[in-house]
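Peer 1: Line by line, the protein sequences are chains A and B. Using the numbering used here, the first residue of the first sequence is number 1, and each one after it goes up by one. Using the numbering used here, the first residue of the second sequence is number 1001, and each one after it goes up by one.
These are calculated hints, taken from the structure and not from any lab test. All C-beta atoms, glycine included, are put in the ideal place defined by N, C-alpha and C. Hints may contain errors.
[Stated by the list, open to error] As a list, the in silico BS3-like pairs of lysine-lysine whose alpha-carbon atoms are at most 27 Å apart: (1) Lys1015(B) <-> Lys8(A); (2) Lys1143(B) <-> Lys1123(B); (3) Lys8(A) <-> Lys1016(B); (4) Lys6(A) <-> Lys1015(B).
[As the list claims (entries may be wrong)] Distance ranges between label pairs, derived from CB positions: (5) Lys1123(B) <-> Tyr133(A): 22 to 32 Å; (6) Val132(A) <-> Ser1189(B): 17 to 27 Å; (7) Lys1200(B) <-> Pro161(A): 51 to 61 Å.
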Amino acid sequence: MLTMSKSKRIALVGVLAAVNIASRIVLAPLPNIKPVTSIIIISVLMFDLAFGVELAIVTTLVSNMYLGMGTWTFFQILAWVIICFLTQILKDIYYSRVEKPNIIVLAVFAFLAGFIFGFFVSLDHLVVGGVVYFLAYYLSGLTFDLLHALGNFVFFIACFPMMKKIFSQEIIMNSV
Amino acid sequence: MKKIVKRFKQMDNTKKIVLSFITISLLIIISLTIFNQINNNSASFKRFSDYSIALKEKSEDKKDTNTINSSKQKQENNNSNNNPDQSVQTDNTGNESTFNNETTTNKNETSKTVSIQISGVNKTISAGKITINSGDSVYDALKKYCSNKGLNLTTSGFGSTIYITGIGGLNEFDYGNRSGWMYMVDGVSPNTGVANYSLKGNEKVVIYYVNYE
Chain A
1 MLTMSKSKRI ALVGVLAAVN IASRIVLAPL PNIKPVTSII IISVLMFDLA
51 FGVELAIVTT LVSNMYLGMG TWTFFQILAW VIICFLTQIL KDIYYSRVEK
101 PNIIVLAVFA FLAGFIFGFF VSLDHLVVGG VVYFLAYYLS GLTFDLLHAL
151 GNFVFFIACF PMMKKIFSQE IIMNSV
Chain B
1001 MKKIVKRFKQ MDNTKKIVLS FITISLLIII SLTIFNQINN NSASFKRFSD
1051 YSIALKEKSE DKKDTNTINS SKQKQENNNS NNNPDQSVQT DNTGNESTFN
1101 NETTTNKNET SKTVSIQISG VNKTISAGKI TINSGDSVYD ALKKYCSNKG
1151 LNLTTSGFGS TIYITGIGGL NEFDYGNRSG WMYMVDGVSP NTGVANYSLK
1201 GNEKVVIYYV NYE
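With the hints as constraints, model all of the structure from the sequences given.
Peer 2: Put into structure tokens, the structure is as follows:
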């Protein structure tokens, strides 16, 4: 396992966060179709868990300065951290088996991550209005979660080979 | 349990921190939910105009019992008033029928009219009828009505995103962070903005002030 120098790491977080923030602001008219989740998953796969968490926190805090701060900021961070953790578990499974993950399997994982994200972001309505209110809110948001999931699938397949090529010198764990 | 603890100790540091962050925040969410449920703070649906409707219906019932033989039509309206359901929508239709019987005489003459009721805090600010052109939105009708009655209407936004901020000096946020104006057509709250809903005529539009706190 190689380690990155600290300054390089900060610069990389900044660059990827900038891509995420710009995509969130530019693609704001499209409902939930954004490459943020895919890029976070890819960064956890390429670098490590802490990198993905840092990226998620910076992305959420800075992009919500433009798009609107609120209680959902915390829940977005929580949802992305959970996705990072699940990705790490998936990565560990592949690492212990000493095999390289198939891109389609990872893309399907990214697809499911859209629904996981939708569920955890809806949790703030559980706090406000109880179980019934939460269920109504979550079920009416399922179409948007589906759009998010489909966007993740497409962006993952598009971004993964690209980012692998760009960051080939910086990849920490050689599992991908 | 011991196995889980052992596994947790074997993890590297970042995983420990992330996992504890997730569990702690989920625990906080669950405990806050339970706390809110016990204290019954959850999105309690309070409408000022509900009280006024209830009061009005009571007085209306008394009047009707005094003058039972006044007219058949009034009794019909009374029947619909005698079932004040708990739910908001039926309450509202019941209330509308009370001002409807003032205007039923005009109903057959012109088809392109809508009745508008503006209910504020504990009282109805204004109620009446307005003639509209075909395809007019609720906002157009309300604008016309307010200029006819001399009510001050303030809005924000433009086009189909227009939003009513205040009518007749009663503005949003006057009674807290979650108070403002909402509207209802034939007892149903539409899913679109006030300038996006086009009227066909003969509808009952209710614009009411809410406070969700």
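Peer 1: Which hints from the list above does the structure break, by number from lowest to highest?
Peer 2: none
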